Structures are given as C-alpha cells and as structure tokens.
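**Q** Chains P and C, in that order, give the protein sequences.
Quick note: my numbering has the first sequence finishing at residue 116, numbered continuously throughout.
Quick note: my numbering has the second sequence finishing at residue 118, numbered continuously throughout.
Treat the hints as calculated values from the structure; they're not laboratory data.
All of these numbers come straight from a predicted model, not from anything done at the bench.
Cβ atoms here follow ideal geometry from the backbone N, Cα and C, with glycine treated the same way.
You may find that some hints are simply not true.
[Said to hold, decoys possible] In silico BS3-like pairs for lysine-lysine, Cα to Cα no more than 25 Å straight-line: (1) P:LYS38 x C:LYS8; (2) C:LYS105 x C:LYS57; (3) C:LYS8 x C:LYS57; (4) P:LYS38 x P:LYS21; (5) P:LYS38 x C:LYS74; (6) C:LYS105 x C:LYS74; (7) C:LYS74 x C:LYS8; (8) P:LYS24 x P:LYS43; (9) P:LYS38 x P:LYS24; (10) C:LYS57 x C:LYS74; (11) P:LYS38 x C:LYS105; (12) C:LYS57 x P:LYS42; (13) C:LYS105 x P:LYS43; (14) P:LYS24 x C:LYS105; (15) P:LYS43 x C:LYS57; (16) C:LYS105 x C:LYS8; (17) P:LYS20 x P:LYS38.
[Claimed, not checked] Not everything, but these chain C residues come out facing chain P in the computed CB check (under 7 Å): (18) GLN47; (19) GLY48; (20) TYR51; (21) ALA65; (22) LYS105; (23) PHE108; (24) GLY109; (25) SER110.
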Amino acid sequence: ETGVTQTPRHLVMGMTNKKSLKCEQHLGHNAMYWYKQSAKKPLELMFVYSLEERVENNSVPSRFSPECPNSSHLFLHLHTLQPEDSALYLCASSQEDGTNYEQYFGPGTRLTVT
Amino acid sequence: DAKTTQPPSMDCAEGRAANLPCNHSTISGNEYVYWYRQIHSQGPQYIIHGLKNNETNEMASLIITEDRKSSTLILPHATLRDTAVYYCIVRVVRMDSSYKLIFGSGTRLLVRP
Chain P
3 ETGVTQTPRH LVMGMTNKKS LKCEQHLGHN AMYWYKQSAK KPLELMFVYS
53 LEERVENNSV PSRFSPECPN SSHLFLHLHT LQPEDSALYL CASSQEDGTN
103 YEQYFGPGTR LTVT
Chain C
6 DAKTTQPPSM DCAEGRAANL PCNHSTISGN EYVYWYRQIH SQGPQYIIHG
56 LKNNETNEMA SLIITEDRKS STLILPHATL RDTAVYYCIV RVVRMDSSYK
106 LIFGSGTRLL VRP
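Looking at chain P on its own, in the form it has when it is part of the complex:
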C-alpha cells in the first residue's frame, strides 16, 4: 500500500462511452500526476498538477480531460477513446517542497477500449 488508490482497477469501454478514472492520495501531498503505460512502451507522463494547478500537459489528445478538485483527488475523464488508448493508467503523488523527491504510485487502472 503506497497511500495512493485508484478506481476502478479494470475498465472496459466502447469508443462512444464516457467514463472517468479516479485517484485519491492519503499522504498529504501537493502534486499529482497521470501517466500512461502502453504495452511494450515506457511510462509516458500525461499531466501534472501542482497545488491544484495544471503545470504540465504533454500534448495529450483532448479526449483525455484531467480534473483536480483538491489536493487529494485527481480525475481523468475519458470520451470517444480509440482502441490504441488501451493501456495501464497510473496516478502518482509527491510533496513539492524542495526536500522530498519520491513519487508514490497507485496500482493503476487497466483500460481496454473496444
């Protein structure tokens, strides 16, 4: 248990569906991240939120829409996805204070787009 939880753990959705991934951190951290891990590829950083402000958006298609309502919660809203978006989506958090350096990852949501 890392203190970062993600729901659901598995999701199957059609290309016309709308769904949301949820991440919650119980560590009191002030930064949260979304990563994508496709089969046979390295983890790719998608979004970074620091103090609830989005500070990074790595050219992610608009069909992925992040939301950070407070420092403990992060969502990834999905709509009109493509089969190539099937992947493991990982959430992470960290404390941005210049002294702590670790990111803590959740277990991920395995997404399959049919």
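Use these hints to put chain C onto chain P, whose structure you have.
**A** Relative to chain P, chain C alone:
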C-alpha cells in the same frame, strides 16, 4: 528522451547481489539519479536516489561514479520478490520546483531460485 541507457535484461541467483548498471552521460550538475522498480502489473515503486555521493537504504545501495556519467544499483541479497523491471531515471528540475520523471525501457531483472 530518457537521458539514460540500461541493459534490457539481466538475471542473478537468489541470495546473490544484483548489480544493475545505468549510463547517464548527459546528466546536468543539478539533476538527481533516481531508481524505481515495477513489479508486473503494479505501479512503480521508489527505491533510492542520489546526486553525487553513494547512498544506501534498507532496499538497496546506489553507487555513482565521480564524473556522474554512470551509476549502479546494488541489491545486496536478491530474492525472488525482487524480480521486476528496474528504471534508472534522471530527474528533470523545473523552475517552479515541480519535476518530471522520464522513464526509459528499464532493465528486466530475473532472480533465479
């Protein structure tokens, strides 16, 4: 651009030391070297990090060369549960102090019984 180079796979015998190398020849003076590992289908787990000096914690030791162009992660007594993909990462420092971890392909370590 991951800025690090690692062998794709390694193996070692259970109970022996596992030494995982990493090259980071373009590392900048203020960039840290991080190691994470990812056990199958789980989220990555932080192991250790360092800047210049060698570091040790309860999981591993990190040896960084004097020129900082390479490092070695050492698992002193590998167990079967250490079988995982190990990522060597150079931390990209941002002006607003938040940072990115750029993951490469890592080294797949297999610990043999």
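**Q** With reference to the structure, classify each hint as holding or not holding.
**A** We went through each hint and held it up to the structure:
1. P:LYS38 x C:LYS8: holds (19 Å)
2. C:LYS105 x C:LYS57: holds (20 Å)
3. C:LYS8 x C:LYS57: Between LYS8 (chain C) and LYS57 (chain C) the Cα gap is close to 17 Å, so the pair holds against 25 Å.
4. P:LYS38 x P:LYS21: holds (16 Å)
5. P:LYS38 x C:LYS74: Roughly 28 Å between the alpha carbons, so the hint for LYS38 (chain P) and LYS74 (chain C) is violated.
6. C:LYS105 x C:LYS74: The hint holds at about 20 Å.
7. C:LYS74 x C:LYS8: holds (11 Å)
8. P:LYS24 x P:LYS43: Holds, because 23 Å separates the two Cα atoms, which is no more than 25 Å.
9. P:LYS38 x P:LYS24: holds (14 Å)
10. C:LYS57 x C:LYS74: This hinted pair holds, its Cα atoms lying about 10 Å apart.
11. P:LYS38 x C:LYS105: Holds. LYS38 (chain P) to LYS105 (chain C) sits at ~14 Å (cutoff 25 Å).
12. C:LYS57 x P:LYS42: Measuring from Cα to Cα gives roughly 32 Å; hence the hint is violated.
13. C:LYS105 x P:LYS43: holds (18 Å)
14. P:LYS24 x C:LYS105: holds (21 Å)
15. P:LYS43 x C:LYS57: Status violated; Cα separation ~30 Å.
16. C:LYS105 x C:LYS8: holds (13 Å)
17. P:LYS20 x P:LYS38: Cα-Cα ~18 Å, so holds.
18. GLN47: holds (6 Å)
19. GLY48: holds (3 Å)
20. TYR51: holds (4 Å)
21. ALA65: Result: violated, 14 Å to nearest chain P Cβ.
22. LYS105: For LYS105 (chain C), the interface hint holds, since the closest Cβ of chain P sits about 6 Å away, which is under 7 Å.
23. PHE108: Because about 4 Å separates PHE108 (chain C) from the closest Cβ in chain P, which is inside the 7 Å limit, the hint holds.
24. GLY109: holds (6 Å)
25. SER110: holds (6 Å)
Hint compliance for this structure: hints 5, 12, 15, 21 are not met, and every other hint is.
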